[in-house]
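There are 2 protein chains.
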Amino acid sequence: MTGTILFAHGSRDPQWRVPFEDILKKMQALSSAPTSLAFLECMTPTLEQAIDEMVETGLKQITVIPVFLAVGSHVRKDLPTLLATARLKHPDLALEVTEAIGEQPAIQEAIATFALAAR
Amino acid sequence: MTGTILFAHGSRDPQWRVPFEDILKKMQALSSAPTSLAFLECMTPTLEQAIDEMVETGLKQITVIPVFLAVGSHVRKDLPTLLATARLKHPDLALEVTEAIGEQPAIQEAIATFALAAR
Chain A
172 MTGTILFAHG
182 SRDPQWRVPF
192 EDILKKMQAL
202 SSAPTSLAFL
212 ECMTPTLEQA
222 IDEMVETGLK
232 QITVIPVFLA
242 VGSHVRKDLP
252 TLLATARLKH
262 PDLALEVTEA
272 IGEQPAIQEA
282 IATFALAAR
Chain B
172 MTGTILFAHG
182 SRDPQWRVPF
192 EDILKKMQAL
202 SSAPTSLAFL
212 ECMTPTLEQA
222 IDEMVETGLK
232 QITVIPVFLA
242 VGSHVRKDLP
252 TLLATARLKH
262 PDLALEVTEA
272 IGEQPAIQEA
282 IATFALAAR
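So the sequence lines, in the order shown, correspond to chains A and B.
Position 71 of the first sequence, counting from 1, maps to 242 under my numbering, and the rest follow consecutively.
Position 87 of the second sequence, counting from 1, maps to 258 under my numbering, and the rest follow consecutively.
Simulated from the structure, these hints should not be mistaken for laboratory data.
Be careful, since some hints might not be right.
Chain A regions said to be covered by chain B (calculated; three or more residues, Cβ under 8 angstroms) [as the list claims (entries may be wrong)]: (1) 184 to 190; (2) 197 to 211; (3) 235 to 246; (4) 250 to 257; (5) 268 to 279; (6) 282 to 290.
We treat Cβ as the ideally placed atom computed from N, Cα and C, and that holds for glycine.
Turn these sequences into a full structure, and let the hints steer you where they fit.
Below you can see the structure in the form of structure tokens.
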């Protein structure tokens with residue numbers, strides 16, 4: 172069993188997390204595999220907390236999805252640092268990470284389709 | 172004719188704009204209507220510059236797409252302020268704005284589908 176963590180930026184605005192909760196609900200409607208959210212700033216759980224919670228349930232494999240539209244310092248620097256720390260803490264965990272969601276052609280197409288239809 | 176502006180956050184990292192350019196190319200492959208990018212911070216054109224350029228070509232209608240995953244202060248405060256300034260500057264322009272792309276169910280589904288397939 173592989174757990175999936177949606178890793179997003181976070182905000183002081185409590186409404187900011189709603190779309191990420193919506194994405195999580197859509198995943199949970201399609202799969203019974205463990206899924207959770209994690210945030211870089213201002214919101215909890217942190218990535219460390221989300222990984223710890225999954226490891227405590229016995230999971231040995233986790234894939235982190237950077238829910239960022241593009242790659243800047245958060246995905247290029249902050250996230251690898253957090254992952255390196257988690258790998259030291261959980262040496263038996265297989266911890267993978269994907270590209271940022273904004274780099275995926277299917278997601279870019281969904282955004283382009285919405286933008287064209289909105290005119 | 173309605174112009175469409177993809178309005179994104181911006182970053183000091185020059186590679187950060189690549190996914191937004193990819194989305195723009197996908198739109199331009201599907202439609203000959205005027206499209207451009209604009210950024211809140213660190214990158215150009217700014218939203219003001221992008222609107223001015225479209226108005227100079229004679230466009231009377233522009234739709235701004237907030238390419239943000241969620242609504243925080245950038246979409247709730249910064250963007251309305253920029254739009255109000257643009258409406259004062261161009262009183263004959265019909266300037267519309269959509270919800271943030273992260274609030275669209277079809278885009279949330281594309282993200283959920285990618286996340287589930289990535290395990």
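Hints versus structure:
no.	hint	result
1	184 to 190	holds (count 6)
2	197 to 211	holds (count 6)
3	235 to 246	holds (count 8)
4	250 to 257	violated (count 0)
5	268 to 279	holds (count 10)
6	282 to 290	holds (count 8)
Of the numbered hints stated above, the single one contradicted by the structure is hint 4.
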